[in-house]
Amino acid sequence: MRSYETMFIVHPDTGGDQFTAVLDKFKGILADQNATMLKVEEWGSRRLAYPIQKQGRGTFVIFFYEATAAAVSEYERRMRLDETIMRYQTVRYEPGSQVAPAAPAEAGEAAEVAEEEEAD
Amino acid sequence: MAYERKTGGGAPRRRFGRRKVCRFCADRGLKIDYKEINTLNIFVSERGKIVPRRISGNCSEHQRKVTEAIKRARNIALIPFSTAHSVD
Chain S
1 MRSYETMFIV
11 HPDTGGDQFT
21 AVLDKFKGIL
31 ADQNATMLKV
41 EEWGSRRLAY
51 PIQKQGRGTF
61 VIFFYEATAA
71 AVSEYERRMR
81 LDETIMRYQT
91 VRYEPGSQVA
101 PAAPAEAGEA
111 AEVAEEEEAD
Chain P
1001 MAYERKTGGG
1011 APRRRFGRRK
1021 VCRFCADRGL
1031 KIDYKEINTL
1041 NIFVSERGKI
1051 VPRRISGNCS
1061 EHQRKVTEAI
1071 KRARNIALIP
1081 FSTAHSVD
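Listed in order, the protein sequences are those of chains S and P. All letters in the first sequence, in the order written, are residues 1 to 120 by the working numbering. All letters in the second sequence, in the order written, are residues 1001 to 1088 by the working numbering.
Take these hints with a grain of salt, some might be off.
Over the 10 Å line for every Cβ pair with chain P, so calculated as not near, a few chain S residues [as the list claims (entries may be wrong)]: (1) Glu42; (2) Ile62; (3) Glu74; (4) Met79.
Take a look, some chain S residues computed to stay more than 12 Å from chain P by CB distance [what the hints assert, rightly or not]: (5) Arg2; (6) Asp13; (7) Gly15; (8) Gly16; (9) Asp17; (10) Asp32; (11) Leu38; (12) Arg46; (13) Gly58; (14) Val72; (15) Arg77; (16) Asp82; (17) Glu83.
With beta-carbon atoms standing in for the labels, derived distance ranges [what the hints assert, rightly or not]: (18) P/Arg1019 to S/Ser73: 44 to 52 Å; (19) P/Cys1059 to S/Lys54: 35 to 43 Å; (20) P/Arg1028 to S/Trp43: 35 to 43 Å; (21) P/Arg1019 to S/Ala31: 19 to 27 Å.
If you're looking for bench data, these hints aren't it; they were derived computationally from the structure. Just so you know, even glycine gets a beta-carbon here, dropped at the ideal spot from N, CA and C.
Next up, chain P with everything else stripped away, as it sits in the complex (with noise of 0.2 Å):
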């Protein structure tokens, strides 16, 4: 009845370009704060939206932390929830 799984199946996973190390890791002294816009700006897409994990190269950690930041800086009205408002 049940197909025995095969392990890996598929062809071999192609990854291109070098694995991304962490930017908060390789980097100590950048701080993760809501407060802090431009750094933040960096893992924001276009549209407002949070830039994921897989193209960042953030850590699980810091990712966390940076999702965290950018939500508090969102209320605060320092990031844009999206780019729909037109402001003035």
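Isolated chain S, as found in the complex (with noise of 0.2 Å):
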């Protein structure tokens, strides 16, 4: 189990009853793999730099999770299909100072410890 950030945008078409259906139904495809969710961020609409399917804005989510490598890439391939996602991009997180304070306990200490090896 690592620990992983996922970023998508969320079509701006896509309506409130509508757009919680859509986070409902990525956070049930996470939990059905067995991933446990430390956070969602909801940035809201964003302008975006460049046009994604001819759109000029988009609602940025972040989900932040743990799971396993073979979760991860079902949960892109469900994005993918959904034609509600415009664009998505996982990363590996690392639990910083930034997203500390929404997250369980642990992921402090283990920021603190991130935060001594980068002083060395």
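From these two lone chains plus the hints, build me the complex, please.
Put into structure tokens, the structure is as follows:
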């Protein structure tokens, strides 16, 4: 089990109910893969730096979770199939100071260790 | 045949101004992450290019991390690849 973060852009035309449905759907997919959700960040509607699928805006969401590699690839496959997801990017997540407040207590300790390593 | 190489030939290299210090080494609190667009924008030129180390003054380790972060941010449309796009 490793920690990952996946940022994805939801199509701007997905309204309130539909939007929460999309989030719940992907949370459910992760839960089915025995992943533990650490944190969900919603950035809301943002301007894109360049148009994607002819859209100038998009809703940004980040999931922080712990999962196996197989779970991540299944999750990404499901994202590719969903047309409301315009783009996604999964990155290894090292619990840092930025995300620590909402993360569980053990993440805070890991952040301290990471900072010590950087200081060397 | 082969000329003997002069050691350090040419005029001595002149340096103007003071040597730049890597700002990530100077300020440990500053994080390099693809989500921190404000920090990354310092290291992106107006055309969207990554500013080279000789200008930004970053150390090699941090320059590498900045480059990685900028490329990630570009993929997810947080930072433009170039200014050529006109949105809206």
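Tested hints:
1. Glu42: S/Glu42 is indeed farther than 10 Å from all Cβ atoms of chain P, at 13 Å.
2. Ile62: violated, 8 Å
3. Glu74: Per Cβ check, S/Glu74 is outside 10 Å of chain P; nearest 21 Å; holds.
4. Met79: The assertion about S/Met79 holds, with a minimum of 13 Å to chain P.
5. Arg2: S/Arg2 clear of chain P: closest Cβ-Cβ about 17 Å, beyond 12 Å.
6. Asp13: Answer for S/Asp13: holds, closest chain P Cβ roughly 15 Å.
7. Gly15: holds, 21 Å
8. Gly16: Given a closest Cβ separation of 23 Å, the condition holds.
9. Asp17: holds, 25 Å
10. Asp32: Holds: least Cβ distance 25 Å, greater than 12 Å.
11. Leu38: Its Cβ never comes within 12 Å of chain P, the nearest being 15 Å, so this holds.
12. Arg46: violated, 8 Å
13. Gly58: violated, 7 Å
14. Val72: holds, 16 Å
15. Arg77: At about 18 Å from chain P, S/Arg77 clears the 12 Å cut-off, so the statement holds.
16. Asp82: holds, 16 Å
17. Glu83: At about 17 Å from chain P, S/Glu83 clears the 12 Å cut-off, so the statement holds.
18. P/Arg1019 to S/Ser73: 44 to 52 Å: holds, 46 Å
19. P/Cys1059 to S/Lys54: 35 to 43 Å: holds, 41 Å
20. P/Arg1028 to S/Trp43: 35 to 43 Å: violated, 26 Å
21. P/Arg1019 to S/Ala31: 19 to 27 Å: violated, 53 Å
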